[in-house]
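All chains, please: the whole structure from these sequences, using the hints.
Protein chains: 2
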Amino acid sequence: MKISDFKKKQLRDGFKNVSELRQDLVSGDWMVVATGRAKRPHMFAKTGKKKFDQSIKDCPFEDPQKTGHEEPLLIYYEDSKRRKVKGIKKLVRDWSIQVIKNRFPALGPGDCSEKYKEGPYTLMDGSGFHEIIITRDHKKHLALMSLDKVEEVVHVFQERYLTLMEHRCVNYIFIFHNHGIEAGATIFHPHSQLIALPILPADVRRDLSGAKEYHEKHRKCVHCQMTEWEKEERRCIFQNEHFVVFSPFVPRVNFEIRIYPRKHQSHFEKMSEVERKYFAEALWQALFRLYKGLKDPAYNFFIHTAPCDGKNYDYYHWHAEILPKTNIWAGIELGTGVEVIMVKPEEVAKFLRNQKIG
Amino acid sequence: MKISDFKKKQLRDGFKNVSELRQDLVSGDWMVVATGRAKRPHMFAKTGKKKFDQSIKDCPFEDPQKTGHEEPLLIYYEDSKRRKVKGIKKLVRDWSIQVIKNRFPALGPGDCSEKYKEGPYTLMDGSGFHEIIITRDHKKHLALMSLDKVEEVVHVFQERYLTLMEHRCVNYIFIFHNHGIEAGATIFHPHSQLIALPILPADVRRDLSGAKEYHEKHRKCVHCQMTEWEKEERRCIFQNEHFVVFSPFVPRVNFEIRIYPRKHQSHFEKMSEVERKYFAEALWQALFRLYKGLKDPAYNFFIHTAPCDGKNYDYYHWHAEILPKTNIWAGIELGTGVEVIMVKPEEVAKFLRNQKIG
Numbered sequence: 001m002k003i004s005d006f007k008k009k010q011l012r013d014g015f016k017n018v019s020e021l022r023q024d025l026v027s028g029d030w031m032v033v034a035t036g037r038a039k040r041p042h043m044f045a046k047t048g049k050k051k052f053d054q055s056i057k058d059c060p061f062e063d064p065q066k067t068g069h070e071e072p073l074l075i076y077y078e079d080s081k082r083r084k085v086k087g088i089k090k091l092v093r094d095w096s097i098q099v100i101k102n103r104f105p106a107l108g109p110g111d112c113s114e115k116y117k118e119g120p121y122t123l124m125d126g127s128g129f130h131e132i133i134i135t136r137d138h139k140k141h142l143a144l145m146s147l148d149k150v151e152e153v154v155h156v157f158q159e160r161y162l163t164l165m166e167h168r169c170v171n172y173i174f175i176f177h178n179h180g181i182e183a184g185a186t187i188f189h190p191h192s193q194l195i196a197l198p199i200l201p202a203d204v205r206r207d208l209s210g211a212k213e214y215h216e217k218h219r220k221c222v223h224c225q226m227t228e229w230e231k232e233e234r235r236c237i238f239q240n241e242h243f244v245v246f247s248p249f250v251p252r253v254n255f256e257i258r259i260y261p262r263k264h265q266s267h268f269e270k271m272s273e274v275e276r277k278y279f280a281e282a283l284w285q286a287l288f289r290l291y292k293g294l295k296d297p298a299y300n301f302f303i304h305t306a307p308c309d310g311k312n313y314d315y316y317h318w319h320a321e322i323l324p325k326t327n328i329w330a331g332i333e334l335g336t337g338v339e340v341i342m343v344k345p346e347e348v349a350k351f352l353r354n355q356k357i358g
Numbered sequence: 001m002k003i004s005d006f007k008k009k010q011l012r013d014g015f016k017n018v019s020e021l022r023q024d025l026v027s028g029d030w031m032v033v034a035t036g037r038a039k040r041p042h043m044f045a046k047t048g049k050k051k052f053d054q055s056i057k058d059c060p061f062e063d064p065q066k067t068g069h070e071e072p073l074l075i076y077y078e079d080s081k082r083r084k085v086k087g088i089k090k091l092v093r094d095w096s097i098q099v100i101k102n103r104f105p106a107l108g109p110g111d112c113s114e115k116y117k118e119g120p121y122t123l124m125d126g127s128g129f130h131e132i133i134i135t136r137d138h139k140k141h142l143a144l145m146s147l148d149k150v151e152e153v154v155h156v157f158q159e160r161y162l163t164l165m166e167h168r169c170v171n172y173i174f175i176f177h178n179h180g181i182e183a184g185a186t187i188f189h190p191h192s193q194l195i196a197l198p199i200l201p202a203d204v205r206r207d208l209s210g211a212k213e214y215h216e217k218h219r220k221c222v223h224c225q226m227t228e229w230e231k232e233e234r235r236c237i238f239q240n241e242h243f244v245v246f247s248p249f250v251p252r253v254n255f256e257i258r259i260y261p262r263k264h265q266s267h268f269e270k271m272s273e274v275e276r277k278y279f280a281e282a283l284w285q286a287l288f289r290l291y292k293g294l295k296d297p298a299y300n301f302f303i304h305t306a307p308c309d310g311k312n313y314d315y316y317h318w319h320a321e322i323l324p325k326t327n328i329w330a331g332i333e334l335g336t337g338v339e340v341i342m343v344k345p346e347e348v349a350k351f352l353r354n355q356k357i358g
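Taken in order, these protein sequences are the chains called H and S. For the first sequence, my numbering begins at 1 and goes up steadily by one. For the second sequence, my numbering begins at 1 and goes up steadily by one.
No lab work stands behind these hints, which were simulated from the structure alone. Hints may contain errors.
Stated by the list, open to error - Covered stretches of chain S, as calculated for chain H (at least 3 residues, CB under 8 Å):
no., region
1, 119-128
2, 206-212
3, 297-303
4, 315-327
As the list claims (entries may be wrong) - For lysine-lysine, the following DSBU-like pairs were computed, each having C-alpha atoms within a straight-line distance of at most 30 Å:
no., chain 1, residue 1, chain 2, residue 2
5, H, K139, H, K220
6, S, K231, S, K139
7, H, K350, S, K350
8, S, K212, H, K350
9, H, K217, S, K311
10, S, K350, S, K139
11, H, K117, S, K311
12, S, K220, H, K115
13, H, K140, H, K350
14, S, K311, H, K212
15, S, K220, S, K311
16, H, K57, H, K139
17, H, K117, S, K350
18, H, K57, H, K117
19, S, K231, H, K212
20, H, K101, S, K139
21, S, K101, S, K311
Note that this is a predicted model, so its numbers are computed, not measured. The beta carbon of each residue, even a glycine, is placed where N, CA and C say it ideally should be.
Right, here's the structure in full:
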């Protein structure tokens, strides 16, 4: 289908396109052009420091429904753990965690995407979901939460994952968390995000194909091998019955931390209730040690798991990555894909192991 | 060779290792761990805003030899264009451009690297070169220079490239420029950098293999095809006899600009004197329009060219990329490799085309 027919079809369907996915000719990677949250070019002009409002007064997530957000897609309550109600507006009080739609989504709901051509290029609708997971306390971010609360957050991730993966157009679900303005957080109030995509993101595609190639060559999981090695090594930071936390031999950024399940498991959402408790502990240990050692650094945290496109990914091993922001990516990082690491992962692990807990 | 033998060999050779290259098990990418510029872990603790000293008073590049840098590797003089002298200390005055060694190099000179094993991992010495190209004026960055001066800078890039590519351990030379603190510049005084590496950086390797695959499939150069298409398109910003400047259909960041030679040419360093004049114009046009339109934004600029490892890269097409920094990379970008673009490249091009020049 040509682009003009595509646009006509959209108009005919009354479809409001919030974004486009465009495929790079050289790499084959899909990029998101979010026309729905588009700004005019001149609005990008440099006009001094951006404000990062930390106060509770104008916080849009303190009482999301009062600041114009729709009713939650999922709520957990303070008084009764696990009790949750969907879609009942009047019950949005005493909440502990709530999931809402992002008002400025990178992708928007729509028909399953078809591919279209524009000259030599391929593109498609940016149809998908973009949700925000908000915890109640304005200041208590993950490192400062109780273990129970961290576990609840992880539980919410799983629940929303299981719901959205049923959508026939969703092929990948990406869960992430930005902490601190240097890590790209635009709202101070602690929140995580979830994006459900029709395509596999570039880095995920590469991670999958690397794992697959290794598996074909060595008949074993590359992540199992790494975890097996690291748990005995000087790069290990913490471990419990089900998870190993370590500073990887080849970090992408200074102070990077990875969390792997010991048992080979390709799908994050299939983690059991027991495993979830141990994962919450591992995550908290990693974040609290960073918080203490680096005095509340900004960081990005995300989960790399197998796609939900129905194909076989048994060779994959899900894991979480924490990337502290201690450095601005400059020409060398952007042009080569390589950050110059200035602190050895062996020293990072020792430093974080030595932080006093509790 | 085992890691312990490797270390012993190094000590025996009196070799001061400034960095290690470590290969990722999953992706095969090489990362730099710069132990020579290493900091202690606690020095990464968040301690308020970093200072970006813009004053001329303490500028280390105002008179590099007075601030402890060695004598230049190459000098161009103000009074006599093209006249240059290498290694004559007393002539370091009235300079217009000088190239010096980076005092905190990401890679350091040494023997050609051998690969070593540590458990399941592969690593090698970080041997290579890291140089800084400084222009004299403290405030006149590329967008504010005369065309002649921009051309001289490009000429210096070529000269250093041609010298370093002769080193038998150098397989890739990466030339880049960071402008503004948000783009990772740590020194205000305008300067470019050059890194000569024993390996091919991850992004370059991917760019090469994408171009190669396309060439094998379609029997034509993917970059020629793009340039051919874009020069007629609404994404074109500027063009002259030898170069096309455009906002790519699939940008990696907001406001990305690419500069391609019209003629298929794989090696940047082989650009002729005439072509260099046109390239300088294209580069200046791109940077000046950005400077005007976005009010001096921070940016990274780099050159992607074919490796100098002696293999055949006829299928490749060198080009320059300019990545303005209008956004902080957060969890989504770091975990998926995909920046959510908020301004359409078609609008970017129109906006930049409409800036008044001169």
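Right, here's what the structure says about each hint:
| no. | hint | verdict |
| --- | --- | --- |
| 1 | 119-128 | holds (count 3) |
| 2 | 206-212 | holds (count 4) |
| 3 | 297-303 | holds (count 5) |
| 4 | 315-327 | holds (count 5) |
| 5 | H:K139 to H:K220 | violated, 43 Å |
| 6 | S:K231 to S:K139 | violated, 33 Å |
| 7 | H:K350 to S:K350 | violated, 53 Å |
| 8 | S:K212 to H:K350 | violated, 43 Å |
| 9 | H:K217 to S:K311 | holds, 26 Å |
| 10 | S:K350 to S:K139 | holds, 29 Å |
| 11 | H:K117 to S:K311 | violated, 35 Å |
| 12 | S:K220 to H:K115 | holds, 23 Å |
| 13 | H:K140 to H:K350 | holds, 27 Å |
| 14 | S:K311 to H:K212 | holds, 28 Å |
| 15 | S:K220 to S:K311 | holds, 19 Å |
| 16 | H:K57 to H:K139 | holds, 13 Å |
| 17 | H:K117 to S:K350 | holds, 22 Å |
| 18 | H:K57 to H:K117 | violated, 48 Å |
| 19 | S:K231 to H:K212 | violated, 40 Å |
| 20 | H:K101 to S:K139 | violated, 46 Å |
| 21 | S:K101 to S:K311 | holds, 28 Å |
Hint compliance for this structure: hints 5, 6, 7, 8, 11, 18, 19 and 20 are broken, all remaining hints hold.
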